[in-house]
Amino acid sequence: MMKQLIAQMQEIARELLETGIVQTVIGWEKGSRWYLSPPVFVRKPEDAGRLWYDQFAVPNLSGYLLDYRNKNEKVAVFVKGCDSRSVVRLIQDNQVRKENIVAIGVPCAGMRDQSAVNDEKEPHELPLLSKCLQCRYPNPVYADRTVGEAVVDKSLNVPDDLDAGTGLMGGDLTGDGSYVSSGIVERLEGLSSDDRYDFWQKAFSKCLRCYACRNVCPACSCRECIMDSEHSLWVGKGSSPTENMFNALIRAYHVAGRCTTCGECERVCPVGIPLMALNQFLGQEVNKLLEAYDAGIDETLKPPLEMYGWPDFDGLFRCAKGVRA
Amino acid sequence: MMFLEKGDLHFVLDVLAGLGKLYVPAESNGITRFVPYGGEKTQVWLQTNTAISPKEILFPATETLYRYETGRGKETVKPVADHHAPLILFGIRSCDLQAITCLDDVFLDGEFVDELYRERRETATIIALSCAKAGPHCFCQSMGLDPLAHRQSDLQMYDYDQYYGLEANSDRGRLLLETLEKHDLLSVSGRENPVPALEFALEVETEGITEKLTGMFEHPLWEEVASKCLNCGICTYLCPACHCFDISEKLDNAHCGSKIRCWDSCMFSGYTRMAGGHNPRPGKRERVRERFMHKLCYFPQRYGKYLCTGCGRCLAKCPVGLEITKIMELVKEVENDA
Ligand code: SF4
Ligand code: SF4
Ligand code: SF4
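These protein sequence lines are chains Z and E, in that order. Last residue of the first sequence: number 325 in my numbering, and the count goes up by one each step with no gaps. Last residue of the second sequence: number 663 in my numbering, and the count goes up by one each step with no gaps.
The following block holds chain Z by itself, in its conformation from the complex:
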């Protein structure tokens, strides 16, 4: 089945490149280990055979579209359900033009957790990633084409192979705050604010300021990040508790209510900081204070923090729950 799917993906890529509809196709390829399927950029039809897909195609490729925002180049990108939300995010943020991209939706039954690998050579069973256990959009919410059984579908859902009992899914829109990174938010909410402060100080004390979390994020689209602007004097280059925390908070606030919960920031962090807990917490706050909102589902529905409604609960952002309509 997977073989067929891959053949179909390669076929579409070949066709898109041959006809000149796009100049580049971004997909996954077979990696150097059995549990790795890293990104690949295919530019020639004869290279389409490199494309690959399996339960290790974890990287969200949509963020790469930011590399094309100033180019007049058309690109195709393969998207899983969660990844497709990032494409909507980028369209909504005017970072990409719809007519310049071809999003190709792939079916997804959940990705596997490579941190559980214990044999480098012999493939073995791996558990689902925790983000996949809580998947709510297994189908692409946005795609120009689809392969296999994928259909464009904006409704909340459970992946076919997933036991409905394990996830959070259900009919009601609960908002992105319900993304649970291994229950950590609940645990943190149970702590006193001092303990919570210590927890984050400790977590960010090991931040390397490598900015992988920012660079991989499809919602981080500033042309020049304040963390990079030498003359801002807002933040220095050194790593210190204050500066690391400044970095952490800027990032978290900047994606609040806009984060599509792809989980890439947390996946790439080389020192294992639970970044999704911050994103989730802020998502919850948005849900509580404004409205239940899932980012990157419907491009016509603006993120609550980007709107102004009357009467807003604090007089500034006037789109309090229930008042917006």
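Every clue listed holds true.
Below, computed lysine-lysine pairings styled on BS3-like, alpha-carbon distance capped at 27 Å:
1. K30/Z <-> K657/E
2. K121/Z <-> K458/E
3. K44/Z <-> K537/E
4. K609/E <-> K630/E
5. K3/Z <-> K651/E
6. K98/Z <-> K609/E
7. K651/E <-> K30/Z
8. K657/E <-> K121/Z
9. K346/E <-> K202/Z
10. K651/E <-> K44/Z
11. K537/E <-> K657/E
12. K346/E <-> K584/E
13. K642/E <-> K206/Z
14. K642/E <-> K30/Z
15. K154/Z <-> K74/Z
16. K202/Z <-> K366/E
17. K44/Z <-> K657/E
18. K346/E <-> K206/Z
19. K206/Z <-> K366/E
20. K202/Z <-> K642/E
21. K44/Z <-> K609/E
22. K575/E <-> K202/Z
23. K651/E <-> K121/Z
24. K74/Z <-> K609/E
25. K71/Z <-> K44/Z
26. K331/E <-> K458/E
27. K121/Z <-> K642/E
28. K584/E <-> K399/E
29. K584/E <-> K206/Z
30. K202/Z <-> K584/E
31. K609/E <-> K30/Z
32. K609/E <-> K71/Z
33. K575/E <-> K399/E
34. K302/Z <-> K288/Z
35. K575/E <-> K206/Z
For the record, the hints were derived by calculation from the structure and aren't laboratory data.
Let chain Z serve as the given structure and place chain E with the ligands on it in line with the hints.
Just chain E with the ligands, lined up with the frame of chain Z:
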């Protein structure tokens, strides 16, 4: 060779801690790295090499060069106090020691000596530890190293079942052995078990790579491999041999502050951005090319050794699988008609 029973290791560490500032590989705050030894509460970690390399001890991620004060017509510059107790680095692997020799080449050799690095390095006693198994991303052997020993250590420890075998390579090492003997921690009887050759999941052919790369500056390969790079700092910051830094300021207020030096990365756009805004390495192609050229071509040409020691950290953590081993394979494969 002298022997030490593994069960006595913590006694040895206690003795060493009395001789200087002792760093040991440990699990700390959810990650493995070299930390100051704090007795029993330190969770010493000796399985493979650490996630974060020991370079941060000799070359910290952020350090103050000097403090300054201005105003009221006078300027003062205060050097940072000489704070270096002798360092003892315990449990350094061959790859990381080789990387330290690369740092030595850069910071100590030649016309400009980096005083801050020198002060630390000169006091440091390095106790190397042989690897009992290769980690999943290790390929030091392919880079010409011996995972069981490194001659530039002061003291080499060999991992033999219940014992560690100890061999001194320098006067400092011999002095340490004497001290440990005085504490009755060593014995001459032990077993020098033949250590089976390590099994490496990764092997790569390096022969001729420097020469081939010399002619590959404009090769289309770079464009090809660089697209997926995120230009983050993971590979360079985790690398034990990468040593680029940037000097900037930390202001306390308009009149005083300190000059600091921080790690920098050739993967960042700001790394080569000039004052007028021009950037000679404008994109991923140029940055990725630089990283691999520096490691596998320029550095070997200048210092006669690779700036990659096969520790595997960049492979383990690169979020997009841009693997230096793969690059070496590709460089070997591609035609070079430049
Ligand atoms: S990825 Fe992790 S280590 Fe890197 S800047 Fe982000 S939080 Fe810090
Ligand atoms: S090679 Fe990998 S780790 Fe290095 S900058 Fe690129 S994405 Fe980051
Ligand atoms: S380039 Fe990668 S494998 Fe080589 S020494 Fe640096 S981190 Fe280790």
